[in-house]
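These protein sequence lines are chains A, B and C, in that order. So in my numbering, spot 126 of the first sequence is number 126, and the numbers just go up one at a time. So in my numbering, spot 86 of the second sequence is number 1086, and the numbers just go up one at a time. So in my numbering, spot 329 of the third sequence is number 2329, and the numbers just go up one at a time.
These are computed hints drawn from the structure, not numbers from a lab. Here the structure is a predicted model, which means the values were calculated and not measured. Even glycine gets a Cβ: it sits at the ideal position worked out from N, Cα and C. Please note: incorrect hints may appear among the correct ones.
[Unchecked claim] Which residues of chain C face chain B? A partial, calculated answer using Cβ under 8 Å:
{"hint": "1", "residue": "ILE2256"}
{"hint": "2", "residue": "PRO2381"}
{"hint": "3", "residue": "ARG2389"}
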Amino acid sequence: MASPAHASGGPRRDGLPASETGGTDIRAGRRAARLERIGERTAWIYTGLVFGFLFLPILIVVIYSFNAGRHVTELTGFSTQWYTIAWSDRFLMNALRNSLTIATTTAVLATVMGTASALAMDRLSPRLRWLMELLTYVAIIVPGIVIGIATLIFLVTAFDWLNPWLAYLAGVDAPHLGLGAASVVAAHTLFTMAIVNVLVRTRMRGMDRNLVEASEDLFATPWRTFVQVTFPQLLPAIMAGALLAFTFSFDDFIIAFFTSGQDQTVPIYLFASIRRGVNPSVNAIATVLLGVTIMAIVLAGLVYRRGQRRGGAGAQG
Amino acid sequence: MPRTSRVAQNDRPGRGSRAALLVLPATLWYVGFLVAPLIVLAIMSVGVRSPNGGYQPALTLEQFANLTTRITPLTNTLGLAALNTFICLLVAFPVAYTLALKVRGNWKLVLVALVVIPFWTSFLIRTYAWMTLLGANGVPRILGWVGFEDVQLLNTPFAVSLGIVYNYLPLMVLPIFVSLERLDRSFMEASRDLGAGPVATIRQIVLPLAAPGILSGIVLVFIPIMGEYLIPILLGGGKTYFLGNALADLFLQSRNWPFGSALATLFVIGMVVLVAGYLALSRRLVRAGRESSLL
Amino acid sequence: MTNGRDPARRRDPAEITRLAIERRMSRRTFLAGTGAGIGALALAACAPSSGASNAPSAAPSSGGATGNLGDTLNLATWPNYHSQEVLDAFTSLTGVAINVGVYGSTEEMEAKIRAGNSGIDVVVPSNYAIEGWVADGLIEELDYGKLPSFVKADWNARFMDQAFDKGNTVSIPKNWGTTGIAYRSSKVTEPVTTWKQFFDAAGTTYDGKAMIVDHQISSFGSAAVAMGYSLNTIDPTEMAAVEAMLTALKPKLFAISSDVQPPLRALDTWLSIAWTGDGVQVGRDNEDARYVVAEDGGELWIDSYTVAADAPHRDAAYAFIDYITQPEQAAAETEYCLFPHANDKATALLIDEVKNNPVIYPSADSLVALEYAVNATYNSPERAEAWARIKASA
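Same shape as in the complex, but just chain A:
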């Protein structure tokens, strides 16, 4: 945060001796430097305010998760009762289990399919590539609520067709297709796969193609080229995509609301709670999630830094 290296009053660039222009230059230079410091200070105060704004509700949530009282009107002493209550709430735990399963499955599917399609897209014929880009693009743009409703209607129509056939083919023990966690995964994967695709392709554009070509020229099989050259370079984008996919799926309400059938997810449970007057145990859940997240980020940061210190070559600063 040091002020710029060039101080006022140093040797002039135009070669004229300093004394020729007198003191006005120095004053102008100092004024500029002072303005610059004020500007920087303002920028920092402003940034601090924004961070405060971002964390204010979080703080409220954490504080109330330890509140002994039930309603927000009473701040009555410290208590961890909401944590125990949350953990023994069978519906909440069930929803949590569903959400984790759905989010993990979505992240895996989205990452695999998104990366695969990103890798392949540049090698398709221009027309096919245009089509894939269009589909990816539309998948990102269509609002979640439309996806939720449309998927619901489509799936139940499809099930109405398929279930009688399954019953006919497999008899009484035929699987009965219905809405549930799987339909949520399907809809979530659609959107997140497109995001992964975009992230990976952006990264690919900035990638050093020479390395790939060198590898191919050296007769490495495509698989080896991928594993040893392409994949490590794409890894940050892939991981970012996987993370985003997981977060999006875990936090999504509107799509799950329409497609989850009888399976509850955490946001669905939360929405129902909020409507009725929140049971403070949801604050406990949020705080735990927050804690887990922070730990994960810290861990990731430490691993990243150790990787940097060790590896060094090729890693970004």
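Fit chains B and C to the supplied structure of chain A, relying on the hints for placement.
Leaving out everything else, chains B and C in the frame of chain A:
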């Protein structure tokens, strides 16, 4: 790129089919869970509501004709989405600037992580916290102590805007940060040495380089806001009505599936046109801007 | 509550009422706390062992189904409507776990059921939807052979054999209730007793402090009553007048939302349309909360148990309905959700504080002006559109 190696690549057998194989799962997924559902919606949109609610096959454009009754949600949504995207941009830019250019080393990562962490608590819970803050027991109570009695903050367009800006701010900060991070500081120093004041520096150096990030940020924020459903309900009390709410109510309350499908179809088409137009226009502007600047 | 067994400690009536309505309070503790003293304790101790309040006692019959009941039952119902203890007792008796799906409105339940393949077994809709569901084959005719515990005479004739389901062929009532006016008397100093008063005051005296529920039947209907029309009106001129009134009122409301409890509690809103149970629940924690049935009319409703036509666990569904409609279980549920019940024998089993509570069980006179919403109104596209237009207005 030397031509020989590219020719060598093209000659490799099985390349085309391998690409097709890699792309196949994604394609099937798009067809099954994007194209097919949208087609079903389109088919329903020309149908009629069956007497007890639901869909009845028919071929009519009356649903689209009725869409004019939903002009207000459309203008609400468009207006607030545009406004709040702009506000997000204004609020986020200085933060991204400071983080990218005024912070060194490890602190950079930490601060960026801090921007993202609120994103990692549940959206619903964050919004609920705002309901508490803006309700009668929150900020209005504090305002009452200093003399501003009876201020209503909850269930106003202000509350909805606040909720939106709050929830989407990180999405705007991150892309701008990423673009600005690549900025070579020597450019800025050179600009200063050449006598340009801070404002001119920002306008001619920083902004053009940040442009791709700003573009991404705008797209990343505007699109989800258009589809917002929860914030108008929780922070708007049902009084600020978005297209998403109109859509949900048509399916859940009115049980008028054809009308809802028509609204959804137009919504999708509108979004695609809007965003495509925006991207084309802004790319052209950015390219023109870059060409005319020193860089 | 820990010294509830100390007869020497006198409790004030309000606290007793509050405690009595606390979900986990057993009858023995309650009697001890009323100051009835040692005698009461002795009485309670002498009572038959099942005297611990309305703990579920009778086992559910498997309703003639010799087969396995399965291990899950999917229930589509309203928030805070079922006592978890009763549901758990059913599970321990039959091995069937109950998956409770909570919906804010009958319309939402219908959206899921109508879409099909919802997996729902037992649905608890309001009366006005039932005719349409029958017409579209969404629910099935009840097989009373599988409901051996059902005794028609136990039920309040007022709520059986109604027009929406003559002979109760498809539904058995759960709780009934009214749509009334809930308010905080510390802020609403003059009592509001009619819908006309409510809607007049909402836009003027209580500007920004009144709310209506996001429910076409209850809100639009109550507004219609305020203007002198029938709750169920689908006459175009009348509907246009109501729509105009509500559209003008909307900017002055605090909210259009069915979640009235949080704002009423926080005093974000002082005056609201509400359903019986909401009024009672807010009153439980707030001395000044009132719930009144409007004098100029309003909605009377019944929620009933029905079985979905494509229920995947039909036998479990019948076992459950058979169990939950028995008087003991019905009483336990009522003591939990605080909505009145349609089974007279269950009502007789209630603790006095619930049975004699005039909000939960209003006098017959106050119900005279009320009417049931009808299916035609529920399904009227024009009425639904009018309501949607009000919500979509500026």
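Checked hints:
no.	hint	in the structure
1	ILE2256	holds (4 Å)
2	PRO2381	holds (6 Å)
3	ARG2389	holds (6 Å)
Violation of the numbered hints given earlier is absent; every hint is satisfied by the structure.
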